[in-house]
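Respectively, the protein sequence lines represent chains E and P.
If you read the first sequence in this note's numbering, its first letter stands for residue 4, the second for the next number, and so on.
If you read the second sequence in this note's numbering, its first letter stands for residue 102, the second for the next number, and so on.
Hints listed in this document are in silico derivations from the structure and should not be mistaken for laboratory results.
For every residue, glycine included, the Cβ atom is placed at its ideal position computed from N, Cα and C.
There may be inaccurate statements among the hints.
If you want a taste of the chain E side facing chain P, the calculated C-beta under 8 angstroms gives, among others [as the list claims (entries may be wrong)]:
hint, residue
1, 47
2, 125
3, 239
4, 245
5, 300
6, 305
7, 413
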Amino acid sequence: MKALEVYKLLPKTNCKECGFPTCLAFAMKLAAGGVEPERCPYLDEETKALLGGATRPPVRAVTVGVGARSFTVGEEIVMFRHEKTFYHRPGIMVCAADTSPVAEIRRTAEEVRDFVVHRVGQDLTLDGIALRCESGDPDRFAAAAMAVGECGDLPRLLIAADPAAHEAALRVCGQFLPLIHAATTENHAEMAALAKRYGCPLVVRAETQVKLADLAAQCTAAGAPAVLLDPAPRTMGDFVARASHLREHAVTRAAPDLGYPLYLDTVPLGTDAALAAGILRYAGVIAVPPLPHPSLLAALTLRQNIYTDPQKPIQVAPGIYPVNNPGRDAPVLLSVNFSLTYFTLLGYLEAAKVPCYLFVVDTAGLSVLTAVAGGKLDEEVVKKAIEATDLAGTVGHRTIVIPGFAAPLSGRIEEATGWTVRVGPRDAAEIGEFLETETEG
Amino acid sequence: MTERITEVAVGATRTEGGTRTRSYRIGGASALPGMGDAGSRPLVALEICDDPALWPAVVLEEVGDLAGDLAGWARAAEEWWNADLVRLVLTSTRRRGFDDPAAAGRAVEEVLAATGLPLVVEGSADPALDTEVFRRCGEAGEGERLLLGTAEAERYRSVAAAALAYGHAVVAQTPIDINLAKQLNILLRETGVSHDRIVIDPYTGALGYGFEYSYSVMERVRTAALAGDADLAMPMISAAQDSLTVKEVREAPDEERAGTAVEWEFYAAFAAAVAGAGIVCVRHPRTVGVLKEAVADLWEGAGWP
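Next comes chain E alone, as it looks inside the complex (with noise of 0.2 angstroms):
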């Protein structure tokens, strides 16, 4: 269905509330299949059942939880993030066992639900709770539900094969919504039961993808509102060759029942490995044990990687950039706006806990060596940098340090600027060594 099509099913108020500025921006995203007809609180239920066939995302969206913890995954159209982007990053959830006192469960919730890393602007943190059913008793489950009751709306997981526990620790969190695993070929009738009574997201867990398929149709039929997938791996490299699998057959739109996310639990599986693979490779929902420190780190920097817009330009904003707080004898050093250089430079300047200033100019996000060979890096870049900026104003001196590979243009900009040119190392990893002597001489 093409945007004109579908925009004029839409109600035409503009009313934001699906979360895009018009009706036909969101009648765009919907005809790209990148959104849910649901988004809209207008359409009637023949209209969505029409535009959901016809523009359904390949992969569906599954909302996990209530309030502002809450997370959706899904919605997502290609194999590959350069194909487009990856729009739901995964969502994160620790496990706890039913078998651990009651403090402790309580204690391991709090945790996940305050752990926060700041990184490059934004806020990383984790996902939900598990709680995996290992003593076999309905009651302890929902003792266990019970204890994570006070972290107020952080999403649940529960893990158990039994729907009996299941229905016991819904009686007491069934409110937060949580995800429910699993529904198999033994208790899918059950599970589907609950799913549709507490109106929770379950998932549904076979070997084969003809039983999954079955499953979800079963479970979906039977009114379980959303469903996730688990292809049940023994390992961490079955899962990344079925995620695989069943995401080509979903973004092909080759085998609708098998278009719902991916879950992954990384317990079985060899944390670290399993965590990363997921990740990079479909996973919607992850179950992990609770992660050391610098685990938790580089998994969630992974994701923020992963989940970045490829078509976003590698560039940071041209500027002044103060680098250990240099006062107005420190050294100037320029360079490029491609990120990269940026970072990379940025890396071994604080490493090297030199004061200085880092000038970046604007190259169009082109690194050193291609910029001068493309003249997007000449004396008059340079020289309008100077002007734009106050650079003048900022420094008590008047000279530059250029990068290695820019040397050709020392004299240029010496003649074009009047500042005095200094020809810095062509690597950055040597620019600490070369600031260390230059600032003893």
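Using the hints, position chain P against chain E.
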């Protein structure tokens, strides 16, 4: 049309004219990992250097006295840490005023004598030194089928000449750009370096510091090759060489620094293997084991027919 990645030989045993105790053929994939026949299992290279002044502190703390003992460090890479390859980075050539290319050749000889593993050599980074440094390294490793680097767009002739003269393969590095990668491969071919002697280095940014661009460029290079672009159909090498100087590692509490270093390298290197890299390079010895295990697991995954 589905194509296959060219196989590149790395290292030569006695029967192959060298002295290595093993040799590898990397490449051979007709699909990305987990999506079909991904070819030979990625190799894990441990990087060592001949002048530790420019090496990450977190590694120097781990290796202790070995940092000043090139032969011992190389032997430990094989015997203690169980690396598939040794990558010798000639950091001595990065020092200002370096004027002893013969020493670079001696370092290569020393490492070859100390270990039976095939060797990747990362030579000088200065065009003024390249010719002599690469010649000495190439000569020192004659017959051993080194993987010699690094060729870049502005400076590839010296390394290509040394590889041709002494029978080595070449690392071809470009800054995270599929078109530049292709262009450099064409330039190298015109110099006489055949496709089965080129390994693409698309440049790997550290995790959290541009890694996302590197990851996607690797996937793009691989998918373009499999769609029929022969000038990109070479194996890839990935070394997120700035991993251990990032803020997260530097500022980690003392008791967590080594762990953070290993995780930082592991996540990027494993992701590179998922994106199709045939050789992944790390510097912290403890990354080697976990990475090898993960890559083996990835390679043994059973999908569905």
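Hint check:
1. Nearest Cβ of chain P to the Cβ of residue 47(E): about 39 angstroms, over the 8 angstroms cut. The hint is violated.
2. Interface hint status for residue 125(E): violated, as the beta-carbon distance to the closest one in chain P is roughly 11 angstroms, over 8 angstroms.
3. Contact between residue 239(E) and chain P, as hinted, is supported at the beta carbon level, the nearest pair being about 5 angstroms apart and thus within 8 angstroms.
4. Nearest Cβ of chain P to the Cβ of residue 245(E): about 6 angstroms, under the 8 angstroms cut. The hint holds.
5. Interface hint at residue 300(E): satisfied, since its Cβ lies 6 angstroms from the closest Cβ of chain P, which is below the 8 angstroms cut-off.
6. Satisfaction of the interface hint for residue 305(E) is found here, the shortest Cβ-Cβ separation to chain P being roughly 5 angstroms, below the 8 angstroms cut-off.
7. Checking residue 413(E) against chain P by beta carbon gives a least distance of about 17 angstroms; that is not within 8 angstroms, so the hint is violated.
Violated hints for the displayed structure, listed by number in ascending order: 1, 2, 7.
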